[in-house]
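2 protein chains.
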Amino acid sequence: MKFNPVIEHLKTYEPGKPIELVVREFGIDPSDIIKLASNENPYGCSPQAIRAVEDSAGLMFRYPDDTMMDLKAALAARFDVDESNLVIGAGSDQVIELACRAKLYGGAKILQSEITFAMYQIYAAQCGAGIIKAPGVAHDLDAMYALYKEHKPEIVFVCAPNNPTGDCLDRIDIENFIDAIDRDTLVVLDGAYQEYASYKNPAKKVDPAALIARFPHVLYLGTFSKAYGLGGMRIGYGIASEEIVKGLYKLRPPFNVTTLSLVAATEALKDEAFVQNTLQNCFEQMEAYESFAEKNGIGFIESYTNFITYLLDGVADSGELADALLRRGIIVRDLKGYGINAIRITIGKPEENSRFFEAMQQLLDSGEK
Amino acid sequence: MKFNPVIEHLKTYEPGKPIELVVREFGIDPSDIIKLASNENPYGCSPQAIRAVEDSAGLMFRYPDDTMMDLKAALAARFDVDESNLVIGAGSDQVIELACRAKLYGGAKILQSEITFAMYQIYAAQCGAGIIKAPGVAHDLDAMYALYKEHKPEIVFVCAPNNPTGDCLDRIDIENFIDAIDRDTLVVLDGAYQEYASYKNPAKKVDPAALIARFPHVLYLGTFSKAYGLGGMRIGYGIASEEIVKGLYKLRPPFNVTTLSLVAATEALKDEAFVQNTLQNCFEQMEAYESFAEKNGIGFIESYTNFITYLLDGVADSGELADALLRRGIIVRDLKGYGINAIRITIGKPEENSRFFEAMQQLLDSGEK
Chain A
1 MKFNPVIEHL KTYEPGKPIE LVVREFGIDP SDIIKLASNE NPYGCSPQAI
51 RAVEDSAGLM FRYPDDTMMD LKAALAARFD VDESNLVIGA GSDQVIELAC
101 RAKLYGGAKI LQSEITFAMY QIYAAQCGAG IIKAPGVAHD LDAMYALYKE
151 HKPEIVFVCA PNNPTGDCLD RIDIENFIDA IDRDTLVVLD GAYQEYASYK
201 NPAKKVDPAA LIARFPHVLY LGTFSKAYGL GGMRIGYGIA SEEIVKGLYK
251 LRPPFNVTTL SLVAATEALK DEAFVQNTLQ NCFEQMEAYE SFAEKNGIGF
301 IESYTNFITY LLDGVADSGE LADALLRRGI IVRDLKGYGI NAIRITIGKP
351 EENSRFFEAM QQLLDSGEK
Chain B
1 MKFNPVIEHL KTYEPGKPIE LVVREFGIDP SDIIKLASNE NPYGCSPQAI
51 RAVEDSAGLM FRYPDDTMMD LKAALAARFD VDESNLVIGA GSDQVIELAC
101 RAKLYGGAKI LQSEITFAMY QIYAAQCGAG IIKAPGVAHD LDAMYALYKE
151 HKPEIVFVCA PNNPTGDCLD RIDIENFIDA IDRDTLVVLD GAYQEYASYK
201 NPAKKVDPAA LIARFPHVLY LGTFSKAYGL GGMRIGYGIA SEEIVKGLYK
251 LRPPFNVTTL SLVAATEALK DEAFVQNTLQ NCFEQMEAYE SFAEKNGIGF
301 IESYTNFITY LLDGVADSGE LADALLRRGI IVRDLKGYGI NAIRITIGKP
351 EENSRFFEAM QQLLDSGEK
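Chain order of the listed sequences is A and B. Under the numbering used here, the first residue of the first sequence is numbered 1, with each subsequent residue one higher. Under the numbering used here, the first residue of the second sequence is numbered 1, with each subsequent residue one higher.
Hints are computed from structural coordinates only; laboratory data are not their basis. Hints are not guaranteed to be accurate.
Note that the list lumps identical chains together, so a pair holds whenever it fits in one copy or between two copies.
Derived pair list, reagent style EDC-like, types lysine to aspartate or glutamate, alpha-carbon separation capped at 16 Å [stated by the list, open to error]:
1) Lys2 / Glu242
2) Lys295 / Asp140
3) Lys246 / Asp82
4) Lys149 / Asp184
5) Lys349 / Asp32
6) Lys336 / Asp55
7) Lys109 / Glu302
Just chain A, with the same shape it has in the complex (with noise of 0.2 Å):
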């Protein structure tokens, strides 16, 4: 059967290993398994959520509320935005997706960094459109935009919070590139990791009304999978001038977040101690990452995220020892497919990361990576 060519080279994401499988290949203990893997948040999600979800699993038969209006309302007080510029994704992953197909036709361009989510260049790609890469492993904003300016694609993304990374540009330099875009360019700025940079670092902190109001061609995002927990119920969102949201709702899919992803975002906005609590321990473990880098000689980029990333040149190889770890029941995530020979590591609970450190250890005196 013949398919759109452009699916033919289309490469998969590749996500993170799921515990199930590590318990079917390697036949661990399910107890004995540690995820560090997918930035997932290792106190699980608000317990008034968890309440929530359960008193409403008999409401599974009912088809979601679809115009999301309470989620919504929620969502508008918190950034000060109207629900009108206001997208709701089944997780931000599935915005990006609907940007890509509103923006990307024709021989379409986008602009990334190199070394970025996986996610930008897999949507673009199933649009046919083509890839400009700024190199480095930061965000290289000068060369981003001597790019924009030679190939003048259709979509800029910057992800701020860098992930795979953890790095992330300051807010004001953010603005001042956005600025110098064309008005008819998207420019998608990625904040799924935005409540653990702001957390640690005013000078980060973006505000999605203050951009929009100044910015007709930005869509932020936000997700609930990371700081808020829910990454299993699939829902993030975009923020935006009303005419990118229209745009974007052409393509939405109906009822596109479950019945039960409604209820727990609604609830999980409600609890902020939890998600304050989520960024205190993060940062607190984050320290014993940093030293225990330090410590064997591993460099690794400061975070303003839940993960740390490890650069392994002169210590092992990414995939090997991601290899090792895995056998050991510790999941992490090997970033060589991006290009680096580096591992992800998501900031898990202490007893957790001790377990990774004491692994580390022995892998790093053995000489087995």
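Place chain B on chain A using the hints.
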């Protein structure tokens, strides 16, 4: 901002009005509203599925198992197919979307019956495809075949039983039709209501395993939204040759169904007693709808689903009638948008159906419609 020109002309799907909206618009107490508009299962879903979701609510922070191994194993066993013949979507809706995006590009066309599930043409139009419609309220396979020969569309949609009319082709006629279609044309056979049709009349029962063994160009669709009562959890599936599944997988977004949707669907599949009870109650109550129509001179289409379509020519205007029912807290679906003067009513619980009959009788007697 300039978008892909195809999106300018897109219509968006109008879902059944959610209870929340009726509460807001008409100020009716939620407990006084009955929703017979979206073909939800009035008996909810399996209590086992509810318990499993309650027990798993603490896992919302984990990304879904993207291999979906438990659900795939259960579906493969249920249908006697290989797991490589399965693609799971956020509702069978998403499988339709993937099929459109995989097959429709550069002036492609689809063929469908005139009055059928609205999402076929919505997703096709998003891909810029032309929409060919065979006239008639029911699927007219001869007319469809003539149009197929004339237009050579890339996808042919067959909905059996058909939504929103409720009628159903016989299996043998469907198979003969598929057999006459070239092997490079994808035939999507939408079996969202097959559980109902199979229960009522074995001649309607399609066997996906036999179908894909014989036809490399067919994509069978099933869903957990109807007989399994999980409409809110957005989970359905496609069954097809490995070649087709691989093509669709290239466009499938990772983590496209939620952690709790996988739990609910896997558990729901184990509770066949719930489904049998659903089907038995549905067709028992259907008789009351048929009697009511006959008594009041209302035409109806014999239904193989969990809804019935009342044909209102000479009786009422469907829009006015649906509005009058809405003001009485009863939500049904006006089919005027599909080009017929008819309403579609989901078969509810006995007490819901009684309220519908009572309100309808009042409206018919008073002449207010």
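Do the hints match the structure? See the list:
1. Lys2 / Glu242: Between. Shortest inter-copy distance 14 Å satisfies the 16 Å Cα cut-off; intra-copy 38 Å does not.
2. Lys295 / Asp140: Result: close neither inside a copy nor across copies, 29 Å intra and 75 Å inter.
3. Lys246 / Asp82: This pair counts as within: shortest intra-copy Cα distance 13 Å, inter-copy 41 Å.
4. Lys149 / Asp184: within (13 Å within a copy, 43 Å between copies)
5. Lys349 / Asp32: within (14 Å within a copy, 48 Å between copies)
6. Lys336 / Asp55: neither (43 Å within a copy, 37 Å between copies)
7. Lys109 / Glu302: Classified as neither; 31 Å inside a copy, 52 Å across copies.
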